[in-house]
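Chains as they are written, first to last, in the working numbering: chain U, 1 to 147; chain V, 148 to 555.
Simulated from the structure, these hints should not be mistaken for lab results.
For each residue, glycine too, the CB sits at the ideal point set by N, CA and C.
Certain hints may be false.
Said to hold, decoys possible - Reference excerpt, derived from the structure (chain U facing chain V, CB under 10 angstroms, subset only):
id: 1; residue: L13
id: 2; residue: G40
id: 3; residue: P125
What the hints assert, rightly or not - As a list, the in silico SDA-like pairs of lysine to any residue whose alpha-carbon atoms are at most 25 angstroms apart:
id: 4; chain 1: V; residue 1: K169; chain 2: U; residue 2: V126
id: 5; chain 1: V; residue 1: K516; chain 2: U; residue 2: I128
id: 6; chain 1: U; residue 1: K79; chain 2: U; residue 2: I11
id: 7; chain 1: V; residue 1: K312; chain 2: V; residue 2: L396
id: 8; chain 1: U; residue 1: K129; chain 2: V; residue 2: D175
id: 9; chain 1: U; residue 1: K129; chain 2: V; residue 2: S552
id: 10; chain 1: V; residue 1: K239; chain 2: V; residue 2: S377
id: 11; chain 1: V; residue 1: K225; chain 2: V; residue 2: T179
id: 12; chain 1: U; residue 1: K123; chain 2: V; residue 2: Q503
id: 13; chain 1: V; residue 1: K169; chain 2: U; residue 2: Y8
id: 14; chain 1: U; residue 1: K79; chain 2: U; residue 2: P27
id: 15; chain 1: U; residue 1: K123; chain 2: V; residue 2: D502
id: 16; chain 1: U; residue 1: K123; chain 2: V; residue 2: G168
id: 17; chain 1: V; residue 1: K516; chain 2: U; residue 2: S31
id: 18; chain 1: V; residue 1: K312; chain 2: V; residue 2: K225
id: 19; chain 1: U; residue 1: K123; chain 2: V; residue 2: S552
id: 20; chain 1: U; residue 1: K129; chain 2: V; residue 2: H271
id: 21; chain 1: U; residue 1: K123; chain 2: V; residue 2: H271
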Amino acid sequence: MAGLEDLYREIILDHYRTPRNRGELDPPALSADGHNPLCGDEIRISVAVQDGVVTDVRFSGSGCSISQSSASMMTSAIKGKPVEQVKSIVRRFKQMMTIDEEDTEIDESINLGDLEALQGVVKFPVRIKCATLGWNTLLDALATEQK
Amino acid sequence: MSLDVTSIRNDFPVLKRQINGKPLVYLDSANTSQKPQVVIDAMTNFMSNGYAPINRSAYQMAAEATDLYEGARSALAKFINAPKAHEVIFTKNATESLNLLIMSWGRANLKAGDSVLLTHMEHHANIVPWHMLVAERGIQLRWVPLTNDGQLDLTQLDTLLDGVKVFSFTSMSNVLGTINPVQRLCAAAHKAGALAFVDGCQSVPHQPTDVQAWDADFVVFSSHKMCGPSGVGILWGREALLEAMPPFLGGGNMISDVRLDGFTTAELPAKFEAGTPPITDVIGLGAAVGYLEKLGMAQVRKHEIELSTYVLNMLKDRFGDEITIHGPANPELRGATFSFAFRDIHPHDLSQVLDQQNVCVRAGHHCAKPLMRILGANATARASFYFYNTMSEADALADALDSASDIF
Numbered sequence: 001m002a003g004l005e006d007l008y009r010e011i012i013l014d015h016y017r018t019p020r021n022r023g024e025l026d027p028p029a030l031s032a033d034g035h036n037p038l039c040g041d042e043i044r045i046s047v048a049v050q051d052g053v054v055t056d057v058r059f060s061g062s063g064c065s066i067s068q069s070s071a072s073m074m075t076s077a078i079k080g081k082p083v084e085q086v087k088s089i090v091r092r093f094k095q096m097m098t099i100d101e102e103d104t105e106i107d108e109s110i111n112l113g114d115l116e117a118l119q120g121v122v123k124f125p126v127r128i129k130c131a132t133l134g135w136n137t138l139l140d141a142l143a144t145e146q147k
Numbered sequence: 148m149s150l151d152v153t154s155i156r157n158d159f160p161v162l163k164r165q166i167n168g169k170p171l172v173y174l175d176s177a178n179t180s181q182k183p184q185v186v187i188d189a190m191t192n193f194m195s196n197g198y199a200p201i202n203r204s205a206y207q208m209a210a211e212a213t214d215l216y217e218g219a220r221s222a223l224a225k226f227i228n229a230p231k232a233h234e235v236i237f238t239k240n241a242t243e244s245l246n247l248l249i250m251s252w253g254r255a256n257l258k259a260g261d262s263v264l265l266t267h268m269e270h271h272a273n274i275v276p277w278h279m280l281v282a283e284r285g286i287q288l289r290w291v292p293l294t295n296d297g298q299l300d301l302t303q304l305d306t307l308l309d310g311v312k313v314f315s316f317t318s319m320s321n322v323l324g325t326i327n328p329v330q331r332l333c334a335a336a337h338k339a340g341a342l343a344f345v346d347g348c349q350s351v352p353h354q355p356t357d358v359q360a361w362d363a364d365f366v367v368f369s370s371h372k373m374c375g376p377s378g379v380g381i382l383w384g385r386e387a388l389l390e391a392m393p394p395f396l397g398g399g400n401m402i403s404d405v406r407l408d409g410f411t412t413a414e415l416p417a418k419f420e421a422g423t424p425p426i427t428d429v430i431g432l433g434a435a436v437g438y439l440e441k442l443g444m445a446q447v448r449k450h451e452i453e454l455s456t457y458v459l460n461m462l463k464d465r466f467g468d469e470i471t472i473h474g475p476a477n478p479e480l481r482g483a484t485f486s487f488a489f490r491d492i493h494p495h496d497l498s499q500v501l502d503q504q505n506v507c508v509r510a511g512h513h514c515a516k517p518l519m520r521i522l523g524a525n526a527t528a529r530a531s532f533y534f535y536n537t538m539s540e541a542d543a544l545a546d547a548l549d550s551a552s553d554i555f
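Working from the sequences, and respecting the hints, build out all of it.
In structure tokens:
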């Protein structure tokens, strides 16, 4: 049985207690809302894109330590990066959050840095949706640009 | 004479389970209850020694199966003091019971502009089917609000009921634990010319139920919350009302004749039991009813009031303002289901930490999102007790809560 120390790593609790990039951005920043229908967690991601680069990103809403810290770490990881690179990071992160790794080729060139701390979440499958909530919502927000 | 909980716990094999050398502390019975050996045996015995279809074959084993299945129906009718056994309909779960009731009765009796009264403490199963009828029929919904301590605010009840066709409400909140005055609510509905639909899921497993004393028109509840298996829901209704309703699902068993140009429905209860029912599960439920009857539902209720009194006092003594327990503070007005907020720790994190001590609680919105919004919470943790739970398990919950603060 996986211990709680696998889940609640210090860096995760740090982002939970002291969230980075909390708040919202006004349009023309893109935004989307995400819900975890099982537990009621809600999140809003706002992302400002200029010339193909994520110049700013914020998150708001409420949820458990895993969903909040994952969103906080995500904003830190993608701010200032080109959208295409951001999408690669999202893909790499979601790979890490996948239990079934058979047909996923890990892109080793992407360094997740602090985000690796969330790896332990996979040992608690019920919580994977908590960790990926902000990330899926980020993709939704980025997708609104094409509309 | 009070319940002998030590001996009762021996009836439940799973309660002997240890995980990582520590005993299981199961506090999620409002979600689903554990099963006594007699239920497991009844189902195993049926499948091992007498499994057969019901209602349609002449051989002895089929007749035995039909007797067991119908015996469960009679036991259920007696358990809730229904006047007639064929007023008890078996469905797949209580959600299906509510859908059957709301769709079948609603489509036959409600038209655009008609009003239905619900309450702010309903489970999604008593909200969403009504929303579906709003979209389909243009009916209107009204809502009974709550008081600050989580009871129904009945000060405007007569005004709210004015012109309403149905008052559909829960007998006990699955979030707040509040036990509603069902008899009074049914009387108020009838006085206003409305029917009374009662969602009995949370109260029927925990206290004596008398549908005639309630004077309800329909009552739904589920097997798996009252020591029976999952896969069976119950709908009880007044015979005349059930007879006037169109069928819900069509197919085998629910017809008396099928022609190329139409069909004729079967008599009650078959009219509402299309297809092969969950025979084994209904037989298990029959055994569960027998088990509960033997304990005595009044004794079950008494034990749970004692537990509630202990839990409320003990948690307040130990944690004071660090814990907020929703719902009435008076144990007589509530069941032993406690939703709470603790030291600003998110319920999801809390339940994860409690799991390390094998303390099983639910975290989430409890399928009652409108109520959660009123409480101003996205989620709560919920510890729910049944007759097999003890005060020392309540202490284990408190100890586990304390340990959560080491992390957050």
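Status of the hints after comparison with the structure:
Look at L13 of chain U: its Cβ gets to within about 7 angstroms of chain V, closer than 10 angstroms, so that hint holds up. Taking 10 angstroms as the C-beta cut-off, the interface hint given for G40 of chain U holds, the closest approach to chain V being about 4 angstroms. The interface hint given for P125 of chain U is broken, as the beta carbon of that residue sits about 12 angstroms from the closest beta carbon of chain V, more than 10 angstroms. Under the criterion of a C-alpha separation no larger than 25 angstroms, the hint pairing K169 of chain V with V126 of chain U is consistent with the structure, at around 22 angstroms.
For the hint pairing K516 of chain V with I128 of chain U, the CA-to-CA distance comes to about 22 angstroms; that is within 25 angstroms, so the pair holds. Pair hint K79 of chain U plus I11 of chain U holds up; C-alpha atoms about 18 angstroms apart against a cutoff of 25 angstroms. Restraint check for K312 of chain V and L396 of chain V: the C-alpha separation of about 24 angstroms stays at or below 25 angstroms, so the hint holds. Distance hint between K129 of chain U and D175 of chain V is fulfilled; the C-alpha atoms sit about 22 angstroms from each other, no more than 25 angstroms.
Among the hinted pairs, K129 of chain U with S552 of chain V is consistent with the structure: their alpha-carbon atoms are about 24 angstroms apart, no more than 25 angstroms. Taking the CA atoms of K239 of chain V and S377 of chain V, the gap is near 8 angstroms; set against the 25 angstroms cutoff, the hint holds. Taking the CA atoms of K225 of chain V and T179 of chain V, the gap is near 23 angstroms; set against the 25 angstroms cutoff, the hint holds. A hinted pair counts as satisfied when its Cα atoms are at most 25 angstroms apart, and K123 of chain U with Q503 of chain V qualifies at roughly 14 angstroms.
Distance check on the hinted pair: K169 of chain V and Y8 of chain U sit about 22 angstroms apart at the alpha-carbon level, within 25 angstroms; holds. With a CA separation close to 17 angstroms, the supplied pair K79 of chain U and P27 of chain U stays within the 25 angstroms bound. Under the criterion of a C-alpha separation no larger than 25 angstroms, the hint pairing K123 of chain U with D502 of chain V is consistent with the structure, at around 14 angstroms. Distance restraint check for K123 of chain U and G168 of chain V: the Cα-Cα separation of roughly 20 angstroms lies within the 25 angstroms cut-off, and the hinted pair is therefore satisfied.
As the CA atoms of K516 of chain V and S31 of chain U are separated by approximately 24 angstroms, the hinted pair is consistent with the 25 angstroms bound. Proximity of K312 of chain V to K225 of chain V is assessed by CA-CA distance (about 29 angstroms); at most 25 angstroms being required, the pair is judged violated. For the hint pairing K123 of chain U with S552 of chain V, the CA-to-CA distance comes to about 22 angstroms; that is within 25 angstroms, so the pair holds. Only pairs whose Cα atoms come within 25 angstroms are accepted, and K129 of chain U paired with H271 of chain V is accepted, the gap being roughly 22 angstroms.
At roughly 31 angstroms between alpha-carbon atoms, K123 of chain U and H271 of chain V are farther apart than 25 angstroms, so this suggested pair is violated.
Hint check: violations occur at hints 3, 18, 21; the rest are consistent with the structure.
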